[in-house]
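Can you make the complete structure from the sequences, with help from the hints?
Here is how the chains run, residue by residue.
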Amino acid sequence: MSDKFEFIELLKKGDEEAFAQLVDAYQDNVFNTAISIIQHIQDAEDLTQEVFVQIFRSIKDFRGDAKLSTWIYRITLTKALEWERKKKTKKAISYFKNLVGLENKEEVVVNFFHPGIALDNKENASVLFKALQTLPSNQRIAFILIKAEGLTYQEVGIIMNKSVKSIEGLIQRAKDNLRVVLEKQYLK
Amino acid sequence: MTQDQINKRVEDALNSIDNIQSATLSPFFKTRVFSSLANKEQAETSGQFKPVLLIVVSVLLIVMNTILFTNISYNNNAEKNTDTSSLDQFSKDYSLNTFTNNPYDIK
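Residue numbers (the numbering used here), protein chains in the order written: chain A, 14 to 201; chain B, 102 to 208.
There may be inaccurate statements among the hints.
What the hints assert, rightly or not - Only pairs whose alpha carbons sit at most 30 Å apart, straight line, appear in this in silico DSSO-like list of lysine-lysine:
#	chain 1	residue 1	chain 2	residue 2
1	A	26	A	80
2	B	131	A	92
3	A	135	B	131
4	A	17	B	141
5	A	143	A	188
6	B	131	A	26
7	A	178	B	109
Unchecked claim - Facing chain B, according to a computed beta carbon distance under 7 Å, are these residues of chain A, among others:
#	residue
8	44
9	45
10	66
11	128
12	130
13	138
14	160
15	196
Everything labelled a hint here was simulated from the structure, so no lab data went into it. What you are looking at is a predicted structure, and each value in this text was computed from that prediction instead of being measured. In this text, a Cβ means the ideal position worked out from N, Cα and C, and glycines have one as well.
Laid out in structure tokens, this is it:
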């Protein structure tokens, strides 16, 4: 339904019913991608909302070169990385304020538990999510889209604008880096 | 912990998100999106209105000031003109010489 020309035309005209259908169809994909990247449930919900507001505003610019789902994934990833950057800046400012004594907040590191993971896997997944934060963003995104979102290498290649071979390379490097980090973690 | 045990734990961790279930949003999520859209639209409309209002108010102020300024200067000129003409008339009526600033002026 979502890639039909008429449906996209309705969205471009600002049809609210069509937009509601779009939200229904993609909200879980957007939310799950966001949650795996930013690792915070409430923030991921806010980000998902921002993504749909952005979609509603910029659907007029959607040329139809890629699938609608690809376009939505791209918006989600851009927004999630932007969100992360802002959070890092805030953290750095807060750290600096602590250093000069303007603020006296101690940073609390909270383990992230993805709500979609079975109870017996929660601990392992939490360790993996922590290790994922050490990866470069392109390796992390490729890993999340393939492992958590269950997309194919080809789909991820289209979303990230890379060849299947380079996605395979990214996944391999991500796994190698994660193994090193996890080994260190378990040796402690 | 032996190396084999560590390797097993590492592999378990790497595969821990393979069968991840889709997390779901609250049932009110769609309502939130629509109200956020409405709020942003409203904010934008009022934001667009503000510069127009500012321009209109400043143009009005400039126009009012110009009118006031020209009115005042016109009134001053008119007053000056009437002053000199009435003095001339007065000196003519009473056959008075016009005053000069120079007391050594030879007539």
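Against the structure, the hints come out as follows:
Annotation: proposed proximity of residue 26 of chain A to residue 80 of chain A holds, straight-line Cα distance about 19 Å (limit 30 Å). About 19 Å separates the Cα atoms of residue 131 of chain B and residue 92 of chain A, which keeps this hinted pair within 30 Å; it holds. Restraint check for residue 135 of chain A and residue 131 of chain B: satisfied, since their Cα atoms lie roughly 29 Å apart, inside the 30 Å limit. Our distance criterion of 30 Å between C-alpha atoms is met by residue 17 of chain A and residue 141 of chain B, whose separation comes to about 28 Å.
Distance check on the hinted pair: residue 143 of chain A and residue 188 of chain A sit about 14 Å apart at the alpha-carbon level, within 30 Å; holds. Annotation: proposed proximity of residue 131 of chain B to residue 26 of chain A holds, straight-line Cα distance about 19 Å (limit 30 Å). Our distance criterion of 30 Å between C-alpha atoms is met by residue 178 of chain A and residue 109 of chain B, whose separation comes to about 28 Å. Taking 7 Å as the C-beta contact cut-off toward chain B, the hint placing residue 44 of chain A at the interface holds, the least distance being around 5 Å.
At its closest, the beta carbon of residue 45 of chain A sits 6 Å from a beta carbon of chain B; the interface hint therefore holds under the 7 Å criterion. For the restraint placing residue 66 of chain A at the interface with chain B, the shortest Cβ-Cβ distance is roughly 6 Å, inside the 7 Å limit, so the hint holds. With 7 Å as the threshold, the beta carbon of residue 128 of chain A comes within range of chain B, its nearest partner Cβ sitting at about 4 Å, so the hint holds. Of the supplied interface hints, the one on residue 130 of chain A holds, with its beta-carbon coming within about 6 Å of a beta-carbon of chain B, less than 7 Å.
Checking residue 138 of chain A against chain B: minimum C-beta separation of about 4 Å stays under 7 Å; hint holds. The closest approach between the C-beta of residue 160 of chain A and any C-beta of chain B is roughly 5 Å, which is under the 7 Å cut-off, so the hint is satisfied. Annotation: residue 196 of chain A was flagged as interfacial toward chain B, and the flag holds, the nearest CB pair being 6 Å apart, inside 7 Å.
Of the hints listed earlier, there is not a single one the structure fails to meet.
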